[in-house]
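J.: Work out the full structure: start from the sequences and follow the hints.
Sequence order for the protein chains is S and V.
Numbering that gives the first Met the number 0 puts the first sequence at residues 0 to 85.
Numbering that gives the first Met the number 0 puts the second sequence at residues 0 to 613.
If you are wondering where the hints come from, they were derived from the structure by calculation, not from laboratory data.
Be aware that a few hints might be false.
Unchecked claim - Label-pair distances were calculated between CB atoms; the ranges are:
#: 1; chain 1: S; residue 1: K62; chain 2: V; residue 2: A584; range: 35 to 41 Å
#: 2; chain 1: V; residue 1: R475; chain 2: S; residue 2: G68; range: 31 to 37 Å
#: 3; chain 1: S; residue 1: K82; chain 2: V; residue 2: E9; range: 41 to 47 Å
#: 4; chain 1: V; residue 1: A36; chain 2: S; residue 2: D9; range: 52 to 58 Å
#: 5; chain 1: V; residue 1: G606; chain 2: S; residue 2: S27; range: 33 to 39 Å
What the hints assert, rightly or not - Only some residues are given here: those of chain V computed to face chain S with a beta carbon under 7 Å:
#: 6; residue: N316
#: 7; residue: I504
#: 8; residue: V554
Computed from a predicted model, the values in this text were never measured in an experiment.
Beta carbons are placed, not taken as given, at the ideal position from N, Cα and C, and that holds for glycine.
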Amino acid sequence: MKSFEYTITDPVGIHARPAGLLVKEIKSLAGSAVTISKGEKKVNALKLMALMQMGIKQGETVKIEVEGGDEEAVAKKIEAFFKANL
Amino acid sequence: MALDYRKCAEEIFSHLGGKENIISAAHCATRLRLVIADNSKIDTKALEEVEGVKGLFDSNGQLQLIIGTGTVNKVYDEFLAVTGLTAATKADVKAAAASRMPLWKKILKTPGDVFVPILPAIVASGLMMGLVEAIPKFWPAFGSSDWYSFLDLVANTAFALLPVLVAISAARVFGGNVFLGAVIGLMMVHPALINAWTVGNYAAGEIPTWHLFFFNVQQVGYQGHVIPVILAVLLMSTIEKWLHKKVPEMIDLFVTPLCTVLVTAFVTFTIIGPVFSILENWVLAGAKWLASTLYGSFVMGAIYPWTVVMGLHHMYNVIEAGMIAQTGLNTWMPIASAANFAQFGACLAVALKVHNQKTKAVALPSSLSASLGITEPAIFGINFRFMKPFLCGMAGGAVGALFGALFGLGAPVYGVTGIPAIPAVNNVPLYLVELLIAAGVAFALVWFIWKEDKPEEKKAAPAEEAPAEPMPSVIRCAAGEILQPCKGQVIAREQIPDETFAAGILGEGVGVIPEDGIVIAPFDGTVTSVFDTRHAVTLEKDGMEVLIHIGVNTVNMQGEGFTAFVEEGAEVKAGQKLLGFDREAIAKAGYNDTVVMLLTNSDDLEGVETGIAT
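T.: This is the structure in structure tokens:
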């Protein structure tokens, strides 16, 4: 398992659009199970609804975990996505 | 990105199954409205894909393409250029849609269609004219005052030049150029012609005549006429439309109007006019004969309003003058009064019975004007339009006229009917009884027989007042249906003005261009989250996960202008209020307020389709 933490810088947090983009990005990296957690809550990153329901805001830190597949590469790509979009 | 209007129009046209398949085209604020001959020839799918077309649906025999404010008119202009169709008003499109109506119905409908738009003018004038002309009957000094002559001028303008109003309106009804229509109308009351109201003062030989080819045309105007004017404009519009098709575009602008006016004028004065003057003479002779007998009066009282519709009633001055010269007593007046007062009664009954506020507003002043002897507003505006009140009026007129003849009512004056004639009649109490009978019979008949015919209002009203009216389904899949979440125009997902939504990244769905600021539940289900910023909500039902998102980038408004009516976890019923939003605030903040509804897990569901169910 590979994991990293990220603090959201986007002023509106993970709202509908970035969440959608994130799900799309993760879908394109098939082969790994990705979860995103904030505090106690942990969701499957492929579940848009669940992701949006977390209501992740600017300044909050989330933990991303990648399990299976090419964990290293997938985690890198997701991290890059977060940095570029969130 | 600016839309290429020409390209858009051409693409739309290419999917419509050829020019023959398009009966007419018009547009409203947002939609291109087409009447299509054969819907099976059009490629609906392809039409939806045309850039600039935000959606389409088929309603009331019209194919409506949603294009958008400020754009639709430009696309429409290009569409006309591409197809070679002539501009049609919305009314024309409706007319084309209604063209399967039987001919006799269409003919009876025409005077009404022509008169309805000009009602404000004739209702005002009719009422004023009735009052102005009534006052001197009770107060003779007023008749010679400057005020009288001034008010009379103001009041009778619309009637003296009625053919102009009729012609303009008729041109619109028949799809001709309204300015050419105005020319025809003006020509028919040209000051160089003898006024039709005063032609009775001329001896037959005194009327100047044109000799055109083998026609001898009396130079008499058409003041007070209606039917000849409508016929003339119908002819004009037909010629004009035909010429537009045949004449090369280069010379169309001067050849078409020139030929149209010339031919119409010639035919009007040589054929339409004379045919009508022959008809008029027959009617006159017939009326004179009828009025001289007891039962004839009964018949005349009934058919009198028809002669008003034909515009022949002003000729009756001749009969009245003749009677006074012969016997000193005008016995025509009681017949005309009964007929007119019956129309008053019928119109008053409509005014009191009708629920439609617009009709009521016309009927009340029209009936007043009719009681003063000016029946055109009542007849054309109300009675003839609904037909039954007109027929009831005929019955009242017949009975009233019979009563008048039975008791030998009459007056030594002519040119007045109804209330203004009271001071002149030979037996005031009996005359009042006659008026009461005529109006009473008509009123009672209308009251009991006539029913307000209101299919249109019925259709329109519930949509206005009932939020409970079920919304159409806009997303369907194996798991169930999702209804429209907000009042307004539904647009395809691809047309949502936001790339992410439009691309379907968040799932399949639709947009709604909102008409009000309320988002309602699209099914019976559970609210799974309400965004802190209250601009979006998620719901769940039977495995369908739905996101309803108000506007584009409205998250930046941080909840300002948004209200949440529900909380996370709430069980809601379809149609229940979820969120409220202030459209003005969104516009002020510079965002688009399209309501986006997406089935976010559409990838995992089967048989997903979007758009209003057909």
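J.: For each hint, tell me whether it holds in the structure or not.
T.: Each hint tested on the structure:
no.	hint	verdict
1	S:K62 to V:A584: 35 to 41 Å	holds, 37 Å
2	V:R475 to S:G68: 31 to 37 Å	holds, 35 Å
3	S:K82 to V:E9: 41 to 47 Å	holds, 46 Å
4	V:A36 to S:D9: 52 to 58 Å	holds, 54 Å
5	V:G606 to S:S27: 33 to 39 Å	violated, 25 Å
6	N316	violated, 79 Å
7	I504	holds, 4 Å
8	V554	holds, 5 Å
Violated hints, listed in ascending order, are 5 and 6; each of the other numbered hints is respected by the structure.
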